[in-house]
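Protein chains in written order, with this note's numbering: chain A, 1 to 343; chain B, 1001 to 1343; chain C, 2001 to 2343; chain D, 3001 to 3343.
By construction, these hints were calculated from the structure, which means they are not laboratory data. In this text the structure is predicted, and so the values were computed from the model without any measurement. Worth double-checking, as some hints may not be accurate.
[To be verified] Heads up, incomplete: computed chain D residues facing chain C, CB under 8 Å, no partners named:
hint: 1; residue: Ser3003
hint: 2; residue: Glu3010
hint: 3; residue: Val3021
hint: 4; residue: Thr3023
hint: 5; residue: Gln3066
hint: 6; residue: Ala3097
hint: 7; residue: Leu3206
hint: 8; residue: Gln3228
hint: 9; residue: Lys3235
[As the list claims (entries may be wrong)] Lysine to aspartate or glutamate pairs mimicking EDC-like chemistry, simulated, CA-CA at most 20 Å apart:
hint: 10; chain 1: C; residue 1: Lys2220; chain 2: B; residue 2: Asp1126
hint: 11; chain 1: A; residue 1: Lys83; chain 2: C; residue 2: Glu2106
hint: 12; chain 1: B; residue 1: Lys1022; chain 2: A; residue 2: Glu15
hint: 13; chain 1: A; residue 1: Lys332; chain 2: A; residue 2: Glu276
hint: 14; chain 1: A; residue 1: Lys131; chain 2: D; residue 2: Glu3221
hint: 15; chain 1: C; residue 1: Lys2332; chain 2: D; residue 2: Glu3026
hint: 16; chain 1: A; residue 1: Lys83; chain 2: C; residue 2: Asp2126
hint: 17; chain 1: C; residue 1: Lys2083; chain 2: A; residue 2: Asp126
hint: 18; chain 1: A; residue 1: Lys22; chain 2: A; residue 2: Glu35
hint: 19; chain 1: D; residue 1: Lys3254; chain 2: D; residue 2: Glu3187
hint: 20; chain 1: D; residue 1: Lys3265; chain 2: D; residue 2: Glu3180
hint: 21; chain 1: C; residue 1: Lys2326; chain 2: D; residue 2: Glu3026
hint: 22; chain 1: D; residue 1: Lys3005; chain 2: C; residue 2: Glu2026
hint: 23; chain 1: C; residue 1: Lys2022; chain 2: D; residue 2: Glu3018
hint: 24; chain 1: A; residue 1: Lys220; chain 2: D; residue 2: Glu3127
hint: 25; chain 1: A; residue 1: Lys5; chain 2: B; residue 2: Glu1035
hint: 26; chain 1: C; residue 1: Lys2005; chain 2: D; residue 2: Glu3035
hint: 27; chain 1: A; residue 1: Lys83; chain 2: C; residue 2: Glu2122
hint: 28; chain 1: A; residue 1: Lys5; chain 2: C; residue 2: Asp2126
hint: 29; chain 1: C; residue 1: Lys2220; chain 2: B; residue 2: Glu1127
hint: 30; chain 1: B; residue 1: Lys1083; chain 2: D; residue 2: Glu3106
hint: 31; chain 1: A; residue 1: Lys220; chain 2: D; residue 2: Asp3126
hint: 32; chain 1: A; residue 1: Lys83; chain 2: C; residue 2: Glu2127
hint: 33; chain 1: A; residue 1: Lys5; chain 2: B; residue 2: Glu1026
hint: 34; chain 1: D; residue 1: Lys3083; chain 2: B; residue 2: Glu1106
hint: 35; chain 1: C; residue 1: Lys2265; chain 2: C; residue 2: Glu2327
hint: 36; chain 1: A; residue 1: Lys220; chain 2: D; residue 2: Glu3217
hint: 37; chain 1: A; residue 1: Lys22; chain 2: B; residue 2: Glu1018
hint: 38; chain 1: C; residue 1: Lys2005; chain 2: A; residue 2: Asp126
hint: 39; chain 1: D; residue 1: Lys3220; chain 2: A; residue 2: Asp126
hint: 40; chain 1: B; residue 1: Lys1005; chain 2: D; residue 2: Asp3126
Where is the CB? At the ideal position from N, CA and C, for every residue including glycine.
There are 4 protein chains.
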Amino acid sequence: MISFKNDYSEGALPEIMEALVKTNLESTVGYGMDEYCASASEKIKKRINRPDAQVHFLVGGTQTNQTCISAFLRSFEAVIGVKTAHINVHETGAIEATGHKVIAVEGKEGKVTPQDIRAAVEYHSDEHMVKPKMVYISDSTEIGTIYYKKELEDISACCKEMGLYLYLDGARFGSALTAEGNDLTIEDVAALTDAFYIGGTKNGALFGEAVVLLNPELQKEFRYSIKQHGGMLAKGRLLGIQFDRLFTDDLFFKAAIHANKMAMKLKQGLKECGIEFMEDSVTNQQFPIFTNDEIEILNRSFLFEYNDRIDENRYAIRFCTSWATKEEDVEKLIEAVKSMPKR
Amino acid sequence: MISFKNDYSEGALPEIMEALVKTNLESTVGYGMDEYCASASEKIKKRINRPDAQVHFLVGGTQTNQTCISAFLRSFEAVIGVKTAHINVHETGAIEATGHKVIAVEGKEGKVTPQDIRAAVEYHSDEHMVKPKMVYISDSTEIGTIYYKKELEDISACCKEMGLYLYLDGARFGSALTAEGNDLTIEDVAALTDAFYIGGTKNGALFGEAVVLLNPELQKEFRYSIKQHGGMLAKGRLLGIQFDRLFTDDLFFKAAIHANKMAMKLKQGLKECGIEFMEDSVTNQQFPIFTNDEIEILNRSFLFEYNDRIDENRYAIRFCTSWATKEEDVEKLIEAVKSMPKR
Amino acid sequence: MISFKNDYSEGALPEIMEALVKTNLESTVGYGMDEYCASASEKIKKRINRPDAQVHFLVGGTQTNQTCISAFLRSFEAVIGVKTAHINVHETGAIEATGHKVIAVEGKEGKVTPQDIRAAVEYHSDEHMVKPKMVYISDSTEIGTIYYKKELEDISACCKEMGLYLYLDGARFGSALTAEGNDLTIEDVAALTDAFYIGGTKNGALFGEAVVLLNPELQKEFRYSIKQHGGMLAKGRLLGIQFDRLFTDDLFFKAAIHANKMAMKLKQGLKECGIEFMEDSVTNQQFPIFTNDEIEILNRSFLFEYNDRIDENRYAIRFCTSWATKEEDVEKLIEAVKSMPKR
Amino acid sequence: MISFKNDYSEGALPEIMEALVKTNLESTVGYGMDEYCASASEKIKKRINRPDAQVHFLVGGTQTNQTCISAFLRSFEAVIGVKTAHINVHETGAIEATGHKVIAVEGKEGKVTPQDIRAAVEYHSDEHMVKPKMVYISDSTEIGTIYYKKELEDISACCKEMGLYLYLDGARFGSALTAEGNDLTIEDVAALTDAFYIGGTKNGALFGEAVVLLNPELQKEFRYSIKQHGGMLAKGRLLGIQFDRLFTDDLFFKAAIHANKMAMKLKQGLKECGIEFMEDSVTNQQFPIFTNDEIEILNRSFLFEYNDRIDENRYAIRFCTSWATKEEDVEKLIEAVKSMPKR
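Next comes chain A alone, as it looks inside the complex:
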């Protein structure tokens, strides 16, 4: 079976494993106060051109979102996100578990718009309703789309005007930043948001997300929140070592470039077979639409996820590529689709 199921199906980039093995018997202090974390933090701050930022390392995405949102908001404040947002759908209520409502807005192509934000703020007009205080976006989005520079600038301006924090979930940030047509840099994001995280888990790390806190209001005592939500890794240096390596020689970006290249090849190949897509994704998640019969055939040789039922006979499925995807596997998939019975 060839897996396009996820971008976290394998371990880590060989360079990461090597770094972990090499440092394995070194003795360091715990909880992220070690030199590797310090070094990784410096490299990230330099790369994003924000020496005033704070960088913290956590293990996973849900944990990171929960910790950040809970740390940033007062008890009655809420976070605005698009309907399909990870925090709204796929975190088993982790945000609500810390007491906060997720205000789900319709969005467009999986993205929050300034109109959505404005409408949500206007709707929540008094103390009988939660108070919107934060906007959550992810880049790339749950459906593989990306935010363009102008879009992020508009959202950022809107948030500033309305007194909202802007937070970017970068679980698949690498793929977004290196996507075809992307015009947003990591420096832009650091200039336009109050906080964001750089996803390691889905881009070649064993695990790990680097939270970048830009707004000084949000920096204060953040480590208390990490600990309270069970996110303070005893051997914190494991995170430091990984991010130090990812931000050396652009490894982070190179890994994402490969994932995107594989995705584009897959997309192109399937398009040539006449396959339609649910969304025009430019990143490492592709959502082609197949008939039930075709899916049965694919199931024999490939692993993938079911995304959305289109109609009784068709389903949008997800093929996910990563740093670990082999070109020959993409070719096998295209071949399999090519040789399917004509519709």
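Given chain A, put chains B, C and D in place with the hints provided.
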């Protein structure tokens, strides 16, 4: 500098690293549904002689305690623990963050007693107070002591009588189970508690704790709780691979035996120098008492933690050994103490 | 100014005030353990024909919903409600504050449908998402509509099939049960739901809601939840006295009948003036649509709430009647509308 | 049976009932935005000489403590209180339910001391522990003692120095402020604390507590917190009317003076019979110690609460007086004690 600061100062046992490297490029499903987790789970269930148990793998101790306690209790129910309990002191209110009170009892030698439990239940007599529903113990305790079989049997019987769940935090379970004088087996613990966890982080894993759920009431839908508290590792197989290895060829116990051996050597050596100890610990944490001047000398060559101020001139410090402690380092420490100026 | 702003603009029914004054200097035990609460509870259980029910008295609606939902659900379980549901919009995140997600469904005429429920349960398919465990409905709804017997039967059957609790918010239950065309009895509701509350605040009490717990699973230790959420009134007998009186000589229903009668007169009068309504409400909330200019005129003499902007020039406003509404005030309102400039 | 069980066994002061009856059919806006609340707020601000204060009205004490503490603290911050504190013992974990730990300190005579505060802050030294941010005291205390001016000044100074909010629970504030020997004025309290509440429920109101927010940091958006915790009374004017009356002609203080007078008579009478007391209470709660046999006799004619077992044969019970206590009932109690068999 030689570190006796912690049992999580290094990476992982070489056998663990090897297993991670070897499996690195294999593709598996995520979130702990892979074969490595299944295999590790089977080995643990066999080892504890409880085929009916459920085993789940989480990343760290605070996360594990938070997830378990929150999953087991209704909102107004509380957990009883000794004053020094990790959940009461060192988890930044992670338990309270999920809405539950920790009822701190005095205990004896760092251990909860049936009398403590009984008194707490009797004191909380009606609905104007929280309802005690669970007892939290850790073995070894925060001060290095261990539960003897008779003690655990008595606590277990008391919990049953009072309708309380019994949960054992095994962050340093390996060291406890292999300590000098210990008469408790892991099978005993599996027979006497409702749930416990086997600590990997402090006993040779890169990270990871294996939660064992024995009481069927507590098994239901536990994965929802893991996810909600941000503890569901995307590359869950990393935990499976580690515990599979730890429970092959008794690696888990061997690692602990080494840590204890180093601790006993250190204890013996310091005792011979006339050093007193805060507690008579039989495990890998030792709490010798030094004067301020002596501590200044130790500080030049060794890393350790400050535990309790004894008086103006003396402090109980902590030396912690582990699977990674080198015998020569223990000898250097003993040497250093020997050569201190006479008091 | 004549107020149609709310059904809680005045104090209490004269009969209620009389009962409170009469018993004022009696000495009773606190926290709802007094004889008045016992008597009220008995009367309610008899009226709903459920001697096995538990009845508890709380002060207000948000508190009641928060207490019930938090008591009924495990931490990762969620409650399904219609988009406009009070718990989803108008409780400042009180449900999320106890850790639970509100799953908002589209509904129809302000009501949850079995299709909504089924779709929500199917969508939340695994432990990466919250687990729907409860359905929240209110009768009458936020927009004045009511549940007919067949509708409630269908919802109830659907909940049973899907393993969900069914809870009915009866903040305006009196008005619903006595509305024109209503075919649902309070006995039906007691037979078809797992829990519901009978709203006193909006139907002639000074304050107070009577929670009726039918499902024995939900009855256990409910008083702990009341206390934990700050809802256990010291002078609990104030609630008992009021509900005892409301459920003597059908006072509860008579008060609602008056409110509905006034609402129907108002609706009829406005319809005759050619005014359109946002919803065809049969209860004490009416949502006529006026132009901005007309609203300006109304504003000079009447108090009311703004509900929904229809378009740039029109607004649906809310007129609310109650036990205290005077017929002459309704007539004055109709007169005022009649004498408005023709559109 | 004559009840000394509580200070909330009866309804309300006749003046209060009269005010409620008189205003019953007036129509006002809801949720505390009415003129009665405004007037009561003005009177209180004037009385405490703090025109910059914010005054909010809530229904009960647990609700008030929960709302305030939850509003004032960030998620990882904790509140320091004495072991016997209402929030620590008698609120069914209402504080923990909002995510905050109560740090229980030993105290002296039921009162927190600056030494307690200092020690708690020093102990909680880093982000692995909760962060103390607030001190909770109550006046009078749970055991009837009061804070003297010098004591409150010292606590206040200590809190300022340590960056902690100081909050006073005034459930029995009237009795404290009018107690024999008290040298603290309500103006002092308003000058020395960040927030406090004036208890109506236990001093002659039907129900109600007036929260006074002095520190501007704590004033912001407080109504959101009230609503979120289910404390925003629909007919908020009921609270305004009561506090408006309580703060007219010193009714609040007069009611407390009567309660104290009755308590002092009772205390004096019992002392003359040779009865010992658990604490030297100067307020409306008295804790005499009786033998089991004597208690059996008392039980035939009087209602009271059991406080603390002294030894196998003796119990400290509580007699509570109030605005409603009749002098003749106190005399009957003294008589009963006098005529008990000699020990």
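#### Entry: Violations among the numbered hints
none
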